[in-house]
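Trainee: Those protein sequence lines, which keep their order, are chains A and B. With our numbering, letter number 22 in the first sequence gets 22, and the count goes up by one each step, no holes. With our numbering, letter number 17 in the second sequence gets 17, and the count goes up by one each step, no holes.
Hints should not be assumed to be uniformly reliable.
What the hints assert, rightly or not - Now the stretches of chain A that chain B is said to cover, found in silico as 3 or more residues with beta-carbon under 8 angstroms: (1) 42-49; (2) 84-97.
As the list claims (entries may be wrong) - Calculated pairs, SDA-like style, for lysine to any residue (alpha carbon to alpha carbon, straight line, at most 25 angstroms): (3) K20/B x K27/A; (4) K153/A x R133/A; (5) K40/A x Q75/B; (6) K27/A x Y70/B; (7) K20/B x N9/B; (8) K20/B x A198/A; (9) K22/B x K27/A; (10) K20/B x Y163/A; (11) K40/A x G75/A; (12) K22/B x C36/B; (13) K20/B x G75/A; (14) K27/A x N9/B; (15) K153/A x Q75/B; (16) K20/B x E165/A.
Hints are computed from structural coordinates only; laboratory data are not their basis. Beta carbons are placed, not taken as given, at the ideal position from N, Cα and C, and that holds for glycine.
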Amino acid sequence: MSDRVNKDMGGLAATLDFDAELMLRVKEGDGASFAILLEKHRLPVIHFLYRMVQNQAVAEELAQEVFLRVYRSRGSYEATAKFTTWLFRIATHLALNSLRDGKHRRLEERLDDDSAETPARQVSDQRPTVEQRMLHQSRLEEIRRAVATLPEKQRAAVLMHKYEEMEYSQIAKVLNCSESAIKSLLFRAYETLRARLAHMA
Amino acid sequence: MNCPLEAGNEGILLDYAAGKLKADVLTQMDRHTESCSACSQFAGTQATVWQALDNWGPAEVSMDFDRRLYARIEQDVSWWTRLMRPLNPLFRHSIPLAASAGVVVMAGLLLNRPPAVPVAPSPQSAQVEALQPDQLESALDDMEMLRQFNQLIPDNAGPKM
Chain A
1 MSDRVNKDMG GLAATLDFDA ELMLRVKEGD GASFAILLEK HRLPVIHFLY
51 RMVQNQAVAE ELAQEVFLRV YRSRGSYEAT AKFTTWLFRI ATHLALNSLR
101 DGKHRRLEER LDDDSAETPA RQVSDQRPTV EQRMLHQSRL EEIRRAVATL
151 PEKQRAAVLM HKYEEMEYSQ IAKVLNCSES AIKSLLFRAY ETLRARLAHM
201 A
Chain B
1 MNCPLEAGNE GILLDYAAGK LKADVLTQMD RHTESCSACS QFAGTQATVW
51 QALDNWGPAE VSMDFDRRLY ARIEQDVSWW TRLMRPLNPL FRHSIPLAAS
101 AGVVVMAGLL LNRPPAVPVA PSPQSAQVEA LQPDQLESAL DDMEMLRQFN
151 QLIPDNAGPK M
């Protein structure tokens, strides 16, 4: 898929972003550049995949596959688009496939426990009370369910727009849509979320 | 400013709620929402959604994520590369050294090349070159004698020499 993605990106990037330059160095056999790319993009990719499939173990497994594909396709890499566009296109493709296969449901061990969402440990007198924690967990569960009910493409678009702060044009390239289609997609997605989450005000 | 909802320009409303608009457009939107209840309501609820999504923090990542990834990458490497890897440092230093030594040896051979040796003539040409004038004269005399001898023999007396 990665090879095809490389070719499908269309349009030459006017200037190479730093990540693309690093990837070109990986192509030349520089392992240290791959380590830098991994360090930089590991968390965004895992977080995106986690919010997509809502299962920590599956998200990590998919993230491994993303970076493995990046490494495997280094030989055919061409910097025709932003590196992150390519990276998230691979990640989205894998996440959508996983959701369609329902793989994440088969895993018995759900590692998406509360620890990730628990607020950071604070000094003792400012630690949230049990009620506050329960309220936080309840809200969080509601948010997760609301996002999970979105159609897959809308979900991916919202996550890239909200958490990765991508431009409409970049999301459009990742999802292989026009920019206007993405705006419309996002509008519908937020409309659904507004209906479900507006009471949280 | 035209109403973004009526103009089908929802992106501006999303950016407005997300606080991503540039200052000049933001001012226009502020003015517009004062008079447009639909956009005002949209922006308000969208901001609520935005804040709600902020609560969904990132997940923790396994400590051994990189180790597992590199192990999988390692599995991809061919057996030949793996076999040759321990020798890489050796090759890295020895190949330039060997190349330099080769250049020096070649240069030495070219500079110390012995003078050109004439090619030995073949045995046949050697024989021709070794023939002396008196030998040639003798051979011609022999041929003349043979011719005269042949003329003395009658035609039906058998084969001539």
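Trainee: Is the Cα-Cα distance between K20/B and N9/B 25 angstroms or less?
Mentor: holds, 15 angstroms
Trainee: For the pair supplied as a hint, K20/B and G75/A, is the alpha-carbon distance within the 25 angstroms limit?
Mentor: violated, 38 angstroms
Trainee: K40/A and Q75/B were given as a pair; does the straight-line alpha-carbon distance stay at or below 25 angstroms?
Mentor: Distance ~24 angstroms between K40/A and Q75/B Cα, so the pair holds.
Trainee: Tell me if chain B covers the region 84-97 of chain A under the three-residue, 8 angstroms CB rule, please?
Mentor: With 0 residues closer than 8 angstroms to chain B, the region 84-97 of chain A misses the three-residue bar; violated.
Trainee: Could you grab the alpha-carbon distance between K22/B and C36/B and see if it respects the 25 angstroms cut-off?
Mentor: holds, 20 angstroms
Trainee: Take the C-alpha atoms of K20/B and K27/A, compute the straight-line distance between them, and say whether it is at most 25 angstroms.
Mentor: With Cα atoms ~36 angstroms apart, K20/B and K27/A exceed 25 angstroms; violated.
Trainee: Between K27/A and N9/B, is the straight-line Cα distance small enough, at 25 angstroms or below?
Mentor: violated, 42 angstroms
Trainee: Given the hint that K22/B pairs with K27/A, does the C-alpha gap stay at or below 25 angstroms?
Mentor: At roughly 39 angstroms apart (the allowed maximum being 25 angstroms), K27/A and K22/B break the hint.
Trainee: Straight-line Cα separation of K40/A and G75/A no greater than 25 angstroms?
Mentor: Holds - the C-alpha atoms of G75/A and K40/A are around 21 angstroms apart, at most 25 angstroms.
Trainee: Are the Cα positions of K20/B and A198/A separated by 25 angstroms at most?
Mentor: It holds: about 21 angstroms lies between the C-alpha atoms, which stays within 25 angstroms.
Trainee: Does the structure keep K20/B and E165/A at a Cα separation of 25 angstroms or less?
Mentor: Cα-Cα ~10 angstroms, so holds.
Trainee: For the pair supplied as a hint, K27/A and Y70/B, is the alpha-carbon distance within the 25 angstroms limit?
Mentor: holds, 17 angstroms
The structure is inconsistent with the numbered hints 2, 3, 4, 9, 13, 14 and 15, although it conforms to all the rest.
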